Amino acid sequence: MQTCREALFVGAVSALLILLPSQNRSVEARGSWQQVNGAAQSSDRPRYKVAIQSDAESHPRIILTNLYEQPLTACFLETSSSSDRDSRKSKMMWDSHAQGQPPIAKENTLSLPLGHVVGRPFPDRVEVAAAVWADGSTMGGPDLLNLILGSRSAQKNTYEWAISLLRTGLQQDWSRAMYLVELNRKENKGSSSTACRACR
Amino acid sequence: MKSTFEANSNVDAHQKVRQAVVQRLLEIFTQKRDELLQSMPEATKPANTPVP
Chain A
0 MQTCREALFV GAVSALLILL PSQNRSVEAR GSWQQVNGAA QSSDRPRYKV
50 AIQSDAESHP RIILTNLYEQ PLTACFLETS SSSDRDSRKS KMMWDSHAQG
100 QPPIAKENTL SLPLGHVVGR PFPDRVEVAA AVWADGSTMG GPDLLNLILG
150 SRSAQKNTYE WAISLLRTGL QQDWSRAMYL VELNRKENKG SSSTACRACR
Chain B
0 MKSTFEANSN VDAHQKVRQA VVQRLLEIFT QKRDELLQSM PEATKPANTP
50 VP
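Note that the protein sequences, when read in sequence, are chains A and B.
Numbering that gives the first Met the number 0 puts the last residue of the first sequence at 199; the count rises by one with no breaks.
Numbering that gives the first Met the number 0 puts the last residue of the second sequence at 51; the count rises by one with no breaks.
One chain only, chain A, in its complex shape (with noise of 0.2 Å):
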């Protein structure tokens, strides 16, 4: 039934939309708590809250607002399109760590393009599949989760391995010439290029 309500809804949208192409536009949607730390809880407090605008200057773009008290750090977010039969699903990650952008803040937005894949129906719709805040609670399913928070252990790691290659610089007195050598090896060792964004 929910979903009946949703389709129609989104149905209704998009007829005003081809009515009124001229007028601003947004799909919006918000989400509520779905999970923290691994544990279900409910509240009717949404976290954020998302949508497609567009007008007719500019290129179609999502919005997300973080509506929780902590910074939103990273987020998979789905677009899809209410006239695809088909019903296929566009993935998008974000990540404030992996892009090296400062994670949004209470109230704050992120601003994405809408990417569209041309010769299906433009995406009219977008939900939040995943996120997580700077506190580490999360919300969306594993499989997502462990993709933001894989990309993320892999840098920890480089991050731990060039701060343990500079305190041994340190304490040995390393010369520029030992640096350069020892990070040399790292590189021909085929780190992958996310994670040796700290030795670069």
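Rather than coming from a laboratory, the hints here were simulated on the basis of the structure.
Careful, some of the hints might be misleading.
[To be verified] Calculated lysine-lysine pairs in the DSS-like style (CA-CA distance at most 27 Å, straight line):
(1) B/Lys15 / B/Lys1
(2) A/Lys188 / B/Lys1
(3) A/Lys90 / A/Lys105
(4) B/Lys31 / A/Lys185
(5) B/Lys15 / A/Lys185
(6) A/Lys88 / A/Lys48
(7) B/Lys31 / A/Lys188
(8) B/Lys31 / B/Lys15
(9) B/Lys31 / A/Lys105
Keep in mind it's a predicted model, so treat the numbers as computed, not measured.
Got chain A sorted already, so can you dock chain B onto it with the hints?
Quick look at chain B alone, frame taken from chain A:
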């Protein structure tokens, strides 16, 4: 880190300058590592994280 050492060829001339550069890198990486640790759920953190 590599680009920092490549760009600062003068660090070998003065030990204090080199140590200051390394110390600064240590501070930056430790802060980034701690931010990552803090933003991960408890279950994914190692049980005994070494104290810097």
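A quick look at each hint next to the structure:
1. With a C-alpha separation of about 19 Å, the suggested pair B/Lys15 and B/Lys1 falls inside the 27 Å cut-off, and the hint holds.
2. Restraint check for A/Lys188 and B/Lys1: satisfied, since their Cα atoms lie roughly 15 Å apart, inside the 27 Å limit.
3. Between A/Lys90 and A/Lys105 the CA atoms are separated by roughly 24 Å; this keeps the pair inside 27 Å, and the hint holds.
4. About 20 Å separates the Cα atoms of B/Lys31 and A/Lys185, which keeps this hinted pair within 27 Å; it holds.
5. Restraint check for B/Lys15 and A/Lys185: the C-alpha separation of about 26 Å stays at or below 27 Å, so the hint holds.
6. Under the criterion of a C-alpha separation no larger than 27 Å, the hint pairing A/Lys88 with A/Lys48 is consistent with the structure, at around 19 Å.
7. Using a Cα cut-off of 27 Å, the hinted pair B/Lys31 and A/Lys188 holds, with the two alpha carbons roughly 23 Å apart.
8. A distance of roughly 24 Å separates the Cα atoms of B/Lys31 and B/Lys15; the hinted pair therefore holds under the 27 Å criterion.
9. Distance hint between B/Lys31 and A/Lys105 is fulfilled; the C-alpha atoms sit about 21 Å from each other, no more than 27 Å.
No hint from the list above goes unmet by this structure.
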